[in-house]
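Student: Sequence:
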Amino acid sequence: MSLAVAILLFCAVGAWAEDLAAEEQYRPAYKPEYPSYQPAYPSYPSYSKPAYPSYPSYPSYPAYPKYCDPKAAPKCAENSTGHWCLTDEEYPVYEVKYAIDYDPLVLKKYADVADQSAKDLVDGVSKEQEEKFDYSFYKGKQFDEGNWVGGEGFICPSDVAYSRPLRAKNTAGEWRVIVQDIAWPTYTQTQRTETCLFPEAACRTLAPCHFSKCLQKHTVHRMLSFDPCDERRGVFIDTYKLPSACSCHIPVKA
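In the UniProt record's numbering, the protein residues as written are 1 to 254.
These are calculated hints, taken from the structure and not from any lab test. Keep in mind that this is a model prediction, so the values were computed, not measured. Mixed in with the good hints there might be a few duds.
As the list claims (entries may be wrong) - List of simulated lysine to aspartate or glutamate pairs, EDC-like, C-alpha gap at most 16 Å:
{"no.": "1", "residue 1": "K97", "residue 2": "E231"}
{"no.": "2", "residue 1": "K217", "residue 2": "E231"}
{"no.": "3", "residue 1": "K71", "residue 2": "E174"}
{"no.": "4", "residue 1": "K97", "residue 2": "D230"}
{"no.": "5", "residue 1": "K109", "residue 2": "D238"}
{"no.": "6", "residue 1": "K213", "residue 2": "E231"}
{"no.": "7", "residue 1": "K71", "residue 2": "D238"}
{"no.": "8", "residue 1": "K217", "residue 2": "E200"}
{"no.": "9", "residue 1": "K71", "residue 2": "D230"}
{"no.": "10", "residue 1": "K108", "residue 2": "E200"}
{"no.": "11", "residue 1": "K75", "residue 2": "E89"}
{"no.": "12", "residue 1": "K217", "residue 2": "D159"}
{"no.": "13", "residue 1": "K66", "residue 2": "D181"}
{"no.": "14", "residue 1": "K66", "residue 2": "E231"}
{"no.": "15", "residue 1": "K75", "residue 2": "E174"}
{"no.": "16", "residue 1": "K241", "residue 2": "E174"}
{"no.": "17", "residue 1": "K66", "residue 2": "E89"}
{"no.": "18", "residue 1": "K97", "residue 2": "D181"}
Produce the entire structure from the sequences given, and follow the hints as far as they go.
Tutor: Shown next, in the form of structure tokens:
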């Protein structure tokens with residue numbers, strides 16, 4: 001009995017499945033037709049790329065000035081062993097004038113001897129005599145007869161000059177510009193220098209047994225100066241060692 005019921009149920013389910021399949025086969029496919037939606041976007045104006053102004057180029061700053069060595073010899077003294085220059089192609093005229101114009105105490109710093117000669121500095125010798133005692137006046141030979149007998153002149157021959165240096169090396173070994181009329185009209189700084197004509201040579205009229213020598217003497221002078229390596233200092237007084245005399249020296253005998 002139960003078997004018969006099961007067979008009937010199986011047959012009923014099979015028939016129902018066939019009907020459902022047939023229904024699905026003949027059912028039209030649902031495909032709704034949607035309208036093609038393409039919204040019309042507004043056309044925006046085309047902007048051209050703005051032309052920005054070119055920024056100004058920054059100026060090229062000058063390179064830092066080269067290091068100025070105050071102890072380096074200036075061009076006027078490159079081929080000389082002296083400590084001063086009487087000519088100077090690189091004399092800073094404008095800088096010195098500027099420093100003088102803006103210094104209210106410059107007149108108090110300035111001093112000069114307008115006229116110097118043997119009449120003022122050497123007792124018993126005239127200016128004409130002093131000027132005559134130059135290199136050509138002396139023979140300068142230790143064993144020459146003129147060196148023993150001797151004539152008029154000094155025991156140690158020297159060359160005397162009255163000069164106005166434009167540059168000079170100070171007592172610290174640094175080169176300075178000397179204020180002269182080239183930058184400050186009517187104002188000069190004159191110095192008297194006396195240099196040995198025959199340094200280390202035997203003194204005139206003295207026998208060789210004395211072992212005498214002519215030695216150079218120096219004097220410290222003060223002059224109104226300008227530092228080319230530091231223009232901010234303006235003009236100032238500086239000191240310089242200049243040759244002042246040629247003296248005979250006799251050493252102690254051993």
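Student: Look at each hint and say if it fits the structure.
Tutor: These are the hints, each one checked on the structure:
1. With a C-alpha separation of about 11 Å, the suggested pair K97 and E231 falls inside the 16 Å cut-off, and the hint holds.
2. Between K217 and E231 the alpha-carbon distance is near 33 Å, which puts this suggested pair outside the 16 Å criterion.
3. For the given pair, K71 sits about 4 Å from E174 by alpha-carbon distance, which is consistent with the 16 Å threshold.
4. In summary, the hint linking K97 to D230 is supported, as the alpha carbons are separated by about 15 Å, within the 16 Å threshold.
5. Taking the CA atoms of K109 and D238, the gap is about 10 Å. The hint holds against a cut of 16 Å.
6. Pair hint K213 plus E231 does not hold up; C-alpha atoms about 44 Å apart against a cutoff of 16 Å.
7. With a C-alpha separation of about 15 Å, the suggested pair K71 and D238 falls inside the 16 Å cut-off, and the hint holds.
8. For a cut-off of 16 Å, the pair hint linking K217 to E200 stands: about 12 Å separates their Cα positions.
9. For the proposed pair K71 and D230, the alpha carbon gap of about 13 Å is at most 16 Å, so the pair holds.
10. Annotation: proposed proximity of K108 to E200 is violated, straight-line Cα distance about 41 Å (limit 16 Å).
11. About 8 Å separates the Cα atoms of K75 and E89, which keeps this hinted pair within 16 Å; it holds.
12. Of the pairs offered as hints, the one joining K217 and D159 holds, with about 13 Å between alpha carbons and a cut-off of 16 Å not exceeded.
13. Restraint check for K66 and D181: not satisfied, since their Cα atoms lie roughly 29 Å apart, outside the 16 Å limit.
14. For the hint pairing K66 with E231, the CA-to-CA distance comes to about 14 Å; that is within 16 Å, so the pair holds.
15. A C-alpha spacing of about 14 Å is found between K75 and E174, which places the hinted pair at or below 16 Å, so the restraint holds.
16. Only pairs whose Cα atoms come within 16 Å are accepted, and K241 paired with E174 is accepted, the gap being roughly 12 Å.
17. Proximity of K66 to E89 is assessed by CA-CA distance (about 20 Å); at most 16 Å being required, the pair is judged violated.
18. A C-alpha spacing of about 10 Å is found between K97 and D181, which places the hinted pair at or below 16 Å, so the restraint holds.
Hints 2, 6, 10, 13 and 17, counting from the list given before, are not met by this structure.
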